[in-house]
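Enquirer: Here is how the chains run, residue by residue.
6 protein chains.
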Amino acid sequence: MGKTVLVVAAHTDDEALGCGGTIARHVAEGNSVYAVFLADGVTSRPDSTQEESKKRNNAAAKAHEILGIRKSYLLGFPDNKMDGVALLEIVQKLEAVLDEIKPQIIYTHHHGDLNVDHEITHKAVITACRPVPKSPIQEIYSFEVLSATEWNTPGVDPFIPNVFVDISSYIEKKIEALTAYHMEMRSAPHSRSIANSERQAILRGSTVGVSAAEGFSLVRLIR
Amino acid sequence: MGKTVLVVAAHTDDEALGCGGTIARHVAEGNSVYAVFLADGVTSRPDSTQEESKKRNNAAAKAHEILGIRKSYLLGFPDNKMDGVALLEIVQKLEAVLDEIKPQIIYTHHHGDLNVDHEITHKAVITACRPVPKSPIQEIYSFEVLSATEWNTPGVDPFIPNVFVDISSYIEKKIEALTAYHMEMRSAPHSRSIANSERQAILRGSTVGVSAAEGFSLVRLIR
Amino acid sequence: MGKTVLVVAAHTDDEALGCGGTIARHVAEGNSVYAVFLADGVTSRPDSTQEESKKRNNAAAKAHEILGIRKSYLLGFPDNKMDGVALLEIVQKLEAVLDEIKPQIIYTHHHGDLNVDHEITHKAVITACRPVPKSPIQEIYSFEVLSATEWNTPGVDPFIPNVFVDISSYIEKKIEALTAYHMEMRSAPHSRSIANSERQAILRGSTVGVSAAEGFSLVRLIR
Amino acid sequence: MGKTVLVVAAHTDDEALGCGGTIARHVAEGNSVYAVFLADGVTSRPDSTQEESKKRNNAAAKAHEILGIRKSYLLGFPDNKMDGVALLEIVQKLEAVLDEIKPQIIYTHHHGDLNVDHEITHKAVITACRPVPKSPIQEIYSFEVLSATEWNTPGVDPFIPNVFVDISSYIEKKIEALTAYHMEMRSAPHSRSIANSERQAILRGSTVGVSAAEGFSLVRLIR
Amino acid sequence: MGKTVLVVAAHTDDEALGCGGTIARHVAEGNSVYAVFLADGVTSRPDSTQEESKKRNNAAAKAHEILGIRKSYLLGFPDNKMDGVALLEIVQKLEAVLDEIKPQIIYTHHHGDLNVDHEITHKAVITACRPVPKSPIQEIYSFEVLSATEWNTPGVDPFIPNVFVDISSYIEKKIEALTAYHMEMRSAPHSRSIANSERQAILRGSTVGVSAAEGFSLVRLIR
Amino acid sequence: MGKTVLVVAAHTDDEALGCGGTIARHVAEGNSVYAVFLADGVTSRPDSTQEESKKRNNAAAKAHEILGIRKSYLLGFPDNKMDGVALLEIVQKLEAVLDEIKPQIIYTHHHGDLNVDHEITHKAVITACRPVPKSPIQEIYSFEVLSATEWNTPGVDPFIPNVFVDISSYIEKKIEALTAYHMEMRSAPHSRSIANSERQAILRGSTVGVSAAEGFSLVRLIR
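Keeping their order, the protein sequence lines are chains A, B, C, D, E and F. Sequential numbering of the first sequence, starting at 163, is according to our numbering. Sequential numbering of the second sequence, starting at 163, is according to our numbering. Sequential numbering of the third sequence, starting at 163, is according to our numbering. Sequential numbering of the fourth sequence, starting at 163, is according to our numbering. Sequential numbering of the fifth sequence, starting at 163, is according to our numbering. Sequential numbering of the sixth sequence, starting at 163, is according to our numbering.
Be aware that a few hints might be false.
Put simply, identical chains are the same to the list, so a pair is met inside one copy or across any two.
Here are the computed lysine to any residue pairs in the SDA-like style, where the Cα-Cα straight-line distance is at most 20 Å [to be verified]:
#, residue 1, residue 2
1, K264, I322
2, K255, A290
3, K255, P240
4, K243, A350
5, K243, Q254
Simulated from the structure, these hints should not be mistaken for lab results. Nothing here was measured: the structure is a model prediction, and the numbers come from that model.
Based on the sequences and whatever the hints tell you, model everything.
Expert: Structure, rendered in structure tokens:
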């Protein structure tokens with residue numbers, strides 16, 4: 163029987179950058195994948211419009227269809243301003259989603275990302291996913307996001323992958339999903355480009371001798 | 163002449179879990195022990211009532227009598243929401259208590275606990291206890307609290323004890339105090355159980371060859 | 163089809179202390195478990211005799227039968243003096259075993275243990291298990307050993323578990339295996355006692371809400 | 163052609179304590195040095211008056227003249243209460259200054275300082291100075307401030323200098339600037355004294371074999 | 163006037179993998195670059211022949227010509243067995259080279275590499291380059307080497323770059339030098355391939371917004 | 163009744179640099195202080211003579227008389243070449259001294275020092291001082307040594323003091339002892355000078371508001 167997977171990200175596009183290939187592989191292997199986004203990703207920009215917000219949501223819908231995500235939740239916390247919200251409030255909204263989905267596997271942001279929403283998302287996840295008896299959650303992984311994970315002060319909670327998911331057969335799906343988010347991507351040599359994401363997947367793969375991989379840092383694994 | 167000891171905890175019951183045996187030993191050895199609690203420990207629960215708050219305070223009163231705590235201070239910051247208060251405000255209230263008690267020895271939370279109130283309590287303590295000339299404070303220790311200290315993301319500010327207080331003769335007092343807080347304890351295999359607290363004391367003790375101990379991480383020791 | 167598991171330990175008894183319950187569970191679940199021991203565990207003692215060495219090997223044979231280990235290899239490096247051997251020599255002997263067994267899963271010592279043989283065993287494992295293309299190895303875990311892992315200088319490569327294997331149904335097998343090694347165990351309150359090992363299993367379990375667990379630190383997981 | 167240098171500090175006097183000698187050397191070598199202060203440094207004190215604030219600003223003006231700082235910006239965030247402001251707001255104000263100055267070299271606080279304003283200043287800097295294509299910023303350094311950098315919990319993001327700027331010919335300028343801030347200095351054996359600052363410069367210098375130096379921790383260097 | 167640069171590597175090819183582009187850039191900018199290799203890189207292989215050793219030296223000679231290295235020193239310590247040599251002996255031989263070259267800038271291995279010769283090379287460098295008065299050495303950088311730096315136990319002295327040298331105009335020279343070492347390179351998806359080295363340079367570059375870069379970890383910078 | 167203190171250092175003069183003031187204070191307070199030196203400190207120098215060795219021992223004798231050290235042990239391991247000795251051999255010789263002295267308090271080198279003998283001395287101490295039941299050892303502290311502790315690669319096991327011993331009344335004794343070792347001291351701005359040692363004591367003192375202090379990193383404290 164398939165497992166239930168939940169991706170908890172700050173903004174739409176983080177899920178594709180961080181674990182798009184792994185999502186596609188989970189789906190291909192018969193698991194059910196859900197996603198929840200804590201912030202919306204556009205309102206912090208001075209010139210953000212409702213139009214833009216709609217475009218972003220459409221891009222997300224398309225990307226999620228490509229990856230095979232069954233359903234997405236938008237919690238709507240203020241973009242790039244989640245440090246102004248009490249953690250407990252975020253945790254409680256996330257717990258409601260967890261109660262509904264009952265996932266066994268969680269993917270979320272690395273706590274050492276430069277982006278303040280990423281850091282808070284990680285904290286909310288580990289708080290909401292306390293390992294109490296009878297909790298369904300068995301696995302929690304942190305992913306990396308180009309232009310956020312590698313831009314913090316060097317040495318401050320660095321991302322060091324110890325889990326490598328072979329996405330050799332899913333790298334194309336990942337690229338396709340990122341293409342749906344082309345509005346959020348930048349041109350090389352900016353860090354957040356589609357070409358870089360592919361390059362990163364090949365390098366992470368070569369670290370463990372496969373053609374393409376996504377790297378994760380293990381938070382918790384219960385067997 | 164006896165020393166003056168101050169335990170600074172987020173919630174009542176943290177003092178018993180973290181350093182109940184050490185408190186009892188300090189008292190037995192003629193030191194005066196005071197405690198200050200920054201948050202109240204119940205109001206964050208959706209169904210918290212005044213009745214519950216009263217019960218919690220009664221439990222604390224009983225536990226403190228068992229341990230021999232001379233006087234307790236309740237600063238009343240919002241439970242599990244201390245991240246919404248400016249640190250300076252917490253520090254100033256804590257400084258007022260420090261000015262009154264003039265402790266030589268401080269016990270407080272580990273900064274790497276999952277619980278946000280614990281983390282902030284630690285920050286408030288080290289800020290309020292700056293080692294300026296003529297400060298009476300000579301020793302600061304961090305303690306561990308079951309279901310908070312071991313539940314943070316692995317590797318993020320881990321608790322690593324380097325101080326071991328032999329509580330072989332005081333483990334019963336600690337258990338008695340925790341029993342007063344039975345309302346806050348959980349049944350095994352939940353981490354926060356009385357049986358686990360005893361188990362932890364025996365393991366910490368065996369690390370250094372005694373029957374039971376509480377482990378601490380040294381923050382500062384001036385001789 | 164079952165997986166092939168290899169435990170790489172410095173001395174006989176380390177495998178039972180570190181992952182005895184997990185070995186028993188692997189066996190019960192249809193996996194094949196092998197073990198290799200790099201040093202012999204007795205020759206460093208000033209009064210060690212051939213008789214003792216034989217007793218130790220008999221104890222190991224019995225413990226391995228209890229746990230269900232299919233075959234053990236003794237590489238015979240000098241006990242507690244492995245820092246006098248070139249790492250390459252150890253690695254090459256270990257590679258020969260790996261070539262024969264072709265394991266998918268490896269359990270070995272934590273690199274931060276106080277015992278010099280443990281530290282070197284870990285280094286030999288990660289060197290011999292380089293993740294080149296076509297390597298069969300998919301998972302590497304570090305385990306903890308009472309009276310070695312917790313006795314290093316605090317803060318120097320601390321053991322921080324992020325993998326928890328539920329051994330609630332296998333704790334008795336672990337205790338039985340340790341009993342076979344009673345010659346190597348000490349009486350409480352020494353850290354290396356059977357009672358402590360059980361206590362540790364219950365505490366590690368309670369961290370994640372199960373009755374008993376062994377904790378591991380993930381080195382590498384490839385999926 | 164000279165380079166453009168920007169010092170980003172929480173409070174006036176931090177720039178002199180942290181990198182006063184380096185500023186003077188930059189000026190002597192033909193570089194243009196600017197400074198921006200995020201908080202004002204006096205309003206958190208219970209008895210602070212407008213008079214005091216004026217005195218502090220006069221001291222800063224004098225110190226900056228001594229050091230050769232071309233122009234200073236005061237962003238006016240609430241002193242010792244910057245944890246109450248959303249990071250994004252601070253970042254945006256800082257970005258406006260960066261856009262105007264276009265510095266190649268940045269000096270700012272260490273992220274591990276006890277003072278909450280220092281920590282937030284560091285975060286604001288690395289967020290505002292993201293290394294996007296065409297950014298003028300090539301070098302970012304963290305400095306240490308007596309009575310803040312060494313007073314955090316030991317082991318929490320310690321300041322470890324790897325850059326040493328020889329200020330043998332500029333130590334007198336630094337002392338002179340600190341003398342302008344005499345109101346903020348304390349008497350020995352308080353950590354924040356002029357004598358200590360000189361002592362620290364000589365010790366940092368001796369680490370690398372010169373008469374006096376300021377130590378920095380490198381955040382980023384692009385060549 | 164040009165600076166004098168010394169690359170201290172364990173084996174020929176490490177200098178090209180670690181800082182080949184940076185070497186080429188130094189040469190292009192008028193600096194003199196020397197290299198010293200502590201081990202020979204072939205004798206540890208069971209089937210190594212004198213023929214192979216000669217080929218390796220020829221490859222190195224060609225690569226060094228491509229990069230513009232002025233002169234190379236081979237110290238001849240036993241390949242992959244440098245842990246069998248007393249550190250002092252290595253340090254003294256290295257000091258002799260340093261005395262001859264008198265470099266201002268040093269590039270060497272990262273201390274956290276899996277390869278034991280890399281780790282020892284780093285230790286020898288920092289021991290031989292103690293910052294005593296009048297030492298000519300002003301800058302020391304650690305580089306990364308594919309299939310060594312990323313293969314150590316995750317979290318053990320990770321390589322975290324904080325210096326980025328733009329090699330956009332020198333990436334071709336680096337590739338050319340690696341091609342001279344084709345005997346030492348592997349095919350993708352092995353980590354140590356020419357394609358991966360190029361990919362890594364582009365990713366390191368994109369981290370800071372340039373087309374290609376080599377990443378370094380700063381050991382010491384004196385100005 | 164007085165306590166028994168043992169200083170375990172690599173070379174004579176390390177005890178005076180690391181904890182000379184603390185030794186003098188222990189003696190003044192009625193404790194008995196012993197010292198053991200694992201290496202001799204001169205034979206690694208190419209031109210070392212028996213004459214020099216004798217001078218060094220005379221200096222040590224004088225310094226120990228000044229500080230009040232009751233008796234010293236010289237274990238005679240090869241200077242700066244202790245990495246060529248099996249750790250077990252060093253541990254066994256040290257254990258013999260521990261068995262004779264039965265100290266409650268130990269001072270030794272920091273494990274992160276650049277000097278290889280310092281690092282090994284620390285390892286030997288924590289191995290020989292395993293906290294088994296009935297061990298007399300209650301306190302172990304690491305000290306810092308100018309020109310060794312601050313010269314390792316930045317960030318590699320940094321020395322971070324959390325214990326501060328007020329030596330305001332003993333700084334003169336420390337200086338006097340260092341003067342006996344004038345042969346080993348260097349002139350400023352070399353790190354290892356008497357003036358620097360005094361400066362360091364005043365700075366360490368000012369960190370905690372006293373006139374002079376020695377800083378230590380706590381290894382273990384059992385109460």
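Enquirer: Could you run down the list of hints and mark each one as holding or not?
Expert: A quick look at each hint next to the structure:
For the identical chains of this complex, K264 and I322 are neighbours neither inside a copy (28 Å) nor across copies (27 Å), given an alpha-carbon limit of 20 Å. In the homo-oligomer, the alpha carbons of K255 and A290 lie at most 20 Å apart inside one protomer (9 Å), although the nearest pairing across protomers, at 30 Å, exceeds that limit. For the identical chains of this complex, K255 and P240 are neighbours both inside a copy (14 Å) and across copies (19 Å), given an alpha-carbon limit of 20 Å. Taking the closest pair of Cα atoms, K243 and A350 never come within 20 Å of each other, the shortest separation being 28 Å inside a single copy and 39 Å across copies.
Taking identical chains as interchangeable, the C-alpha atoms of K243 and Q254 lie at most 20 Å apart whether they share a chain (18 Å) or sit on different chains (12 Å).
The structure does not agree with the numbered hints 1, 4 stated previously, though it agrees with the rest.
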